[in-house]
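Could you put the whole structure together from the sequences, leaning on the hints where they help?
Protein chains in written order, with my numbering: chain A, 820 to 1095; chain B, -5 to 328.
Some hints here could point you the wrong way.
Quick list of the computed label-pair ranges, beta carbon to beta carbon [stated by the list, open to error]: (1) B:K2 to A:L932: 42 to 50 Å; (2) A:I927 to B:D278: 55 to 63 Å; (3) A:I927 to B:T64: 29 to 37 Å; (4) A:N1029 to B:D105: 49 to 57 Å; (5) B:D159 to A:L1075: 48 to 56 Å; (6) A:F1032 to B:R124: 41 to 49 Å; (7) B:D105 to A:I839: 56 to 64 Å; (8) B:Q127 to A:T958: 50 to 58 Å; (9) A:L1000 to B:D60: 21 to 29 Å; (10) B:D105 to A:G840: 50 to 58 Å; (11) A:N1041 to B:D105: 51 to 59 Å; (12) A:T924 to B:T64: 26 to 34 Å; (13) A:I867 to B:R124: 54 to 62 Å; (14) A:I927 to B:N157: 30 to 38 Å.
FYI, nobody ran anything at the bench for these hints, they're computed from the structure.
Idealized CB from N, CA, C, for every residue including glycine.
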Amino acid sequence: MARSVTSQRKLINTGLAWLIGLIIFFPILWTILTSFKTEAQAINDPPIFLFFDWTLENYAIVQERSDYMRFLWNSVIIAGVSTLLGVMIAVPAAWSMAFVPSKRTKDILLWMLSTKMLPAVGVLYPIYLIFIELGILDTRVGLIVVLMLVNLPIIVWMLYTYFKEIPGEILEAARMDGASLRSEILYVLTPMAVPGIASTLLLNFILAWNEAFWTLNLTAANAAPLTAFIASYSSPEGLFYAKLSAASTMAIAPILILGWFSQKQLVRGLTFGAVK
Amino acid sequence: MGRITLSKVTKRFGDVEVIPPLDLEINEGEFVVFVGPSGCGKSTLLRLIAGLEDVSGGVISIDGQDATATPPAKRGLAMVFQSYALYPHMSVRKNIAFPLRMAGIDKAEQDRRIDNAAKVLNLTDYIDRRPGQLSGGQRQRVAIGRAIVREPAAFLFDEPLSNLDAALRVGMRLEISELHKRLATTMVYVTHDQVEAMTMADKIVVLRAGYIEQVGSPLELYRKPKNLFVAGFIGSPKMNLISGPEAAKHNATTIGIRPEHISVSATEGMWKGRVGVSEHLGSDTFFYVHDTGLGTEMTVRLSGEVEMKSGDTVYFTPDADKIHRFDDKGLRLE
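Structure follows, in structure tokens:
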């Protein structure tokens, strides 16, 4: 029997949910608001919430001082290519783990995930040195490789969970129907896993887009993505909250919009396999 | 086309021997049914023939060619799965076309064969639907359609009817039998249902724990079960098995008598008992008789509607020609 919920109870729950949502969203909202203030209003005490002189000058200054489009382009390339590359490597890996598991498959999966538990800074030094040695410091290629590797465990895990849901008999049927391994993955497995692959792509694109540790440490001028763009406004000449906020808003806007339009996919992707 | 020979085929999963060395000959055009209780290795055996599992030893040859190491795609066999295993993202037409597409057959020939199969299987009206929009019976037909368009050397069926309801199952059983008549292609069919085995097979292979207990035509198995296992497995309701002094009278350790080979009287007979539950099917009536003095409850099958109340005393007599005798190892005595 479905649990009955009184309308009063429903109202309270809805109110609570909105409240929690707003609390989580508030810093982002505050950043966006601040980006339209003057520097003086931005640090005003008490803070001004809505009634200030709305201005676009911060955006103009930010745009003038640094080349936003170059950072944006770097972000798109780095996040996009590292995600695509990761999925291309992860599909066959997840296929073998899901459909031809060995005794050690579970261990390998856990081991892969355990690399995510290692503090990134622990391997910063060796990776930095390797990058210098290979001459890929501050290049997109270098960042693509690092971000792809960093996110690969998550991509494999996600795809593995999706593939597990696909009945093995269907793949066996494909085999009986004369499909080669390539055809089996291309024409049967992949189309059936499209929703899963899509949400994996999406989530990892967002993760790569937001990744700051490696992008800040391994880039300078050439390959710097939007995370570095924000960071460049946070220190040297003292704090300029309004400009920092404008830069932040510009940096998060594309991913915010992408996330908004794909929220259904994302939620489905993240809860897939949890409920059968 | 379609002769399958297994010689000394074995299968182990780790240390567990699922199929001990096994020999079997499946002739061209034959309808062979593997039957046995669950876990007897019948599905594994089918999957070995299909190539979906690798043998641990022995040789599988198809039409005289050693196919032991041939991948499933290259064996020229088609399989129908219990879960139908249709491609959910493809229409019925595309599902049926898939094996042809994989074989690189040209479009015109593909269409000809698909339309033909659709007509034979009554799928024409659903040809553009997705499997999700079909009923269980229709899905099963699509799975069969996908198998027949390839014109395979043999068909493999893995419990294809067990997901269907009883009425549909009888219909599909008939359709598969008719298909076999029309195509005259070898069919290997796995089931745990001895009724399916009896009604469809040219040759039944009774399996237990990976061993072949008996191979023969349905009536051979019914008339002359080689041992107690086959005697108990083939026939419904089950054969009555009596051991002890009553069996000794026939110079056997155990005697078996089928429920339909017993006659009943209210006044006289060889044995006497008390009626327990009776099941009225209309065409037949089954009695379960207690207190028989034979050390076992007896099942009796009478044709037609027979009125008898629980608790009634009955006398019953086995048909002397139809008594099966088994020795102390459970093997048939002639």
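Violated hints, by number in ascending order, as checked against the structure: Result: no hint breaks.
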